[in-house]
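Trainee: Top to bottom, those sequences are chains A and B.
The first sequence begins at 104 in the working numbering and counts up by one.
The second sequence begins at 43 in the working numbering and counts up by one.
It cannot be assumed that every hint is accurate.
[What the hints assert, rightly or not] In silico DSSO-like pairs for lysine-lysine, Cα to Cα no more than 27 Å straight-line: (1) A:243 - B:140; (2) B:140 - A:242; (3) B:140 - A:291; (4) A:151 - A:140; (5) B:81 - B:58; (6) A:139 - A:118; (7) A:117 - A:151; (8) A:242 - A:205; (9) A:140 - A:118; (10) A:205 - B:140; (11) A:151 - A:139; (12) A:139 - A:117.
[Unchecked claim] If the Cβ cut is set under 7 Å, some of the chain B residues that face chain A in the computed set are: (13) 111; (14) 131; (15) 135; (16) 143; (17) 144; (18) 147; (19) 150; (20) 159; (21) 160; (22) 163; (23) 166; (24) 242; (25) 243; (26) 247.
[What the hints assert, rightly or not] To give a feel for the contact side, a few chain B residues facing chain A, derived at Cβ under 10 Å: (27) 68; (28) 70; (29) 71; (30) 133; (31) 134; (32) 137; (33) 138; (34) 139; (35) 145; (36) 146; (37) 157; (38) 158; (39) 177; (40) 180.
Everything labelled a hint here was simulated from the structure, so no lab data went into it.
Note that beta-carbon positions come from the ideal geometry of N, C-alpha and C, so glycine has one too.
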Amino acid sequence: MPRKGRAAYARKVKKAVHLLFFRRHYKPGARGYELKKVLGPDYLRVLKVLDQLLRPLDLQVRQVFEEVPAPGASGEGAEARSPDEARYYVVLRGTLAPTELKYCGWRIDDIAALALSIALLLARGGRAPRSEVEEILSKKLPGWRVRMGIDRFIRSGYLGEDEAGVLYLDWRTMAEVDLRAFLDLLLKYEPVLPG
Amino acid sequence: MPARSRRKARAREELKDVIEACRAVEEGRTDPFAIPVEKLLEVVRDLFPLWEEPEDLSLDAEAVEAISGVIKAQSEWVRERSTRLYRDPFLVEEKLLKLEGDELAELFLRAWHPLVELEQLTPLALDTALRYWAELPERGPPEEAVEAPEEAIKAPGAEVEVEDIQEALEDLWRELREEARGGSVPYWDFITADTYSETVRRAYLTSFLITYGYAILGVDPLSEELVLRPRRRPRRRPREKATSVVIEVDYERWLRHAEEG
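Based on the sequences and whatever the hints tell you, model everything.
Mentor: Written out as structure tokens, the structure is:
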């Protein structure tokens with residue numbers, strides 16, 4: 104690549120960092136068409152360069168199509184859609200160890216409740232009445248903690264709740280959780296029996 | 043009651059039952075394939091000749107829409123099972139109940155890639171804030187508290203008893219349902235009255251209709267106007283996400299609407 108071209112890319116990568124890291128709207132990250140407007144039509148190449156630069160830091164640029172999950176919708180048919188419609192985020196490339204959770208302000212109980220809620224909604228085809236999710240969570244956690252937990256997941260954007268009190272998976276789950284990997288891990292897991 | 047009216051009343055109940063059953067699917071309370079779609083369509087078709095009033099026709103349309111919702115849910119069900127994400131719900135739920143909290147959390151952590159985001163002030167934001175602050179007009183010395191004259195408070199219609207509010211709300215809700223006829227009414231058309239004070243009173247009561255779940259305030263996607271949609275039954279869910287909308291009922295706007303109306 105000529106020197107001038109490299110300099111232009113470096114400038115665009117910096118702009119992409121500003122757009123993706125700093126929260127400007129209700130949701131973090133940036134939409135494809137926003138990036139296109141600022142970085143130009145080759146914004147996907149710029150994001151690819153940024154992704155390579157982020158690799159050593161254990162971060163990556165993630166493309167998420169925002170359709171709220173009709174059951175099984177995650178990833179399916181995404182190839183056919185325009186990248187401009189997607190939202191782009193910077194996420195952790197690897198994963199967190201349980202001991203690192205406290206740095207993020209999560210207790211292991213909270214994560215277990217979130218995992219259970221997400222898995223349950225996936226099993227029910229993406230939507231389930233809040234009362235049913237609460238009932239199942241109550242088998243493992245005290246009632247007040249269940250209600251507080253679900254409210255927190257809704258506030259953070261992991262779950263959504265419609266007017267009829269039905270929960271669904273919201274934008275943050277789609278951005279952060281590899282749903283297929285999670286379900287596979289869940290189904291393959293064999294609890295260690297005592298003795 | 044003549045036999046025809048009785049038949050109509052029964053038929054309306056039947057339609058409402060059809061809508062209720064279909065809504066249960068939409069809300070995820072019922073399996074979409076538990077609903078006999080063809081049979082319901084037959085019921086709606088058989089009842090159709092009875093309808094003459096716009097309210098009944100609107101109920102009929104609502105029933106057809108609800109049934110189409112079930113068909114949509116059925117097609118989603120089929121699509122879901124043909125995707126790579128589908129797993130047997132029974133297996134998943136059984137597994138979930140067998141797992142201890144920490145085991146589940148550990149599994150989740152292996153599929154969780156949290157977002158990285160920064161919320162902090164930038165030089166640009168500081169500069170904008172500084173300019174805003176510099177342009178803010180001074181408020182001047184604090185004013186002495188001014189009490190409203192007693193006559194203004196006791197103006198006719200200004201005092202509303204608690205039970206009157208409930209009654210006024212019910213009346214307004216009834217009026218809204220009649221005007222909406224199963225659909226929606228532009229917000230400004232609904233609140234605008236012959237006088238400005240009555241318009242303000244209607245806007246005030248309408249805000250309670252929305253807060254107490256008697257009606258939904260939305261935006262018409264075509265005209266981008268605020269619209270009111272009455273609910274069939276009031277719904278109050280304290281846990282649902284609520285948004286506050288400030289609507290200024292200013293005199294000029296009222297005058298414009300009153301003249302247009």
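Trainee: All hints are to be evaluated individually against the structure, with a verdict given for each.
Mentor: Now the hints, each set against the structure:
1. A:243 - B:140: Satisfied, since the Cα-Cα distance of roughly 11 Å is no more than 27 Å.
2. B:140 - A:242: Answer holds: residue 140 of chain B to residue 242 of chain A is near 11 Å, not above 27 Å.
3. B:140 - A:291: With Cα atoms ~13 Å apart, residue 140 of chain B and residue 291 of chain A stay inside 27 Å; holds.
4. A:151 - A:140: Holds. Residue 151 of chain A to residue 140 of chain A sits at ~17 Å (cutoff 27 Å).
5. B:81 - B:58: Holds, because 15 Å separates the two Cα atoms, which is no more than 27 Å.
6. A:139 - A:118: holds, 11 Å
7. A:117 - A:151: Satisfied, since the Cα-Cα distance of roughly 13 Å is no more than 27 Å.
8. A:242 - A:205: Holds. Residue 242 of chain A to residue 205 of chain A sits at ~24 Å (cutoff 27 Å).
9. A:140 - A:118: holds, 12 Å
10. A:205 - B:140: holds, 26 Å
11. A:151 - A:139: Roughly 14 Å separates the two Cα atoms, so the pair holds.
12. A:139 - A:117: holds, 14 Å
13. 111: Result: violated, 12 Å to nearest chain A Cβ.
14. 131: This hint holds: residue 131 of chain B lies near chain A, its Cβ roughly 4 Å from the closest one there, short of 7 Å.
15. 135: holds, 6 Å
16. 143: holds, 4 Å
17. 144: holds, 6 Å
18. 147: holds, 4 Å
19. 150: Status holds, d = 4 Å.
20. 159: This interface hint holds because 4 Å falls under the 7 Å limit.
21. 160: Since the shortest Cβ distance to chain A is 5 Å, the answer is holds.
22. 163: This interface hint is violated because 10 Å lies over the 7 Å limit.
23. 166: violated, 10 Å
24. 242: This interface hint is violated because 28 Å lies over the 7 Å limit.
25. 243: violated, 27 Å
26. 247: The hint is violated - residue 247 of chain B has no Cβ within 7 Å of chain A, the shortest such distance being about 22 Å.
27. 68: holds, 8 Å
28. 70: holds, 4 Å
29. 71: Since the shortest Cβ distance to chain A is 6 Å, the answer is holds.
30. 133: holds, 6 Å
31. 134: holds, 4 Å
32. 137: For residue 137 of chain B, the interface hint holds, since the closest Cβ of chain A sits about 6 Å away, which is under 10 Å.
33. 138: Check passed: Cβ of residue 138 of chain B comes within 6 Å of chain A, closer than 10 Å.
34. 139: Holds: closest Cβ of chain A sits about 7 Å from residue 139 of chain B, inside 10 Å.
35. 145: Given a least distance of 6 Å, the restraint on residue 145 of chain B holds.
36. 146: With a closest approach of 5 Å, the residue 146 of chain B hint holds.
37. 157: Hint holds; residue 157 of chain B Cβ to chain A Cβ min 5 Å, cut 10 Å.
38. 158: Since the shortest Cβ distance to chain A is 5 Å, the answer is holds.
39. 177: violated, 23 Å
40. 180: Violated, about 31 Å.
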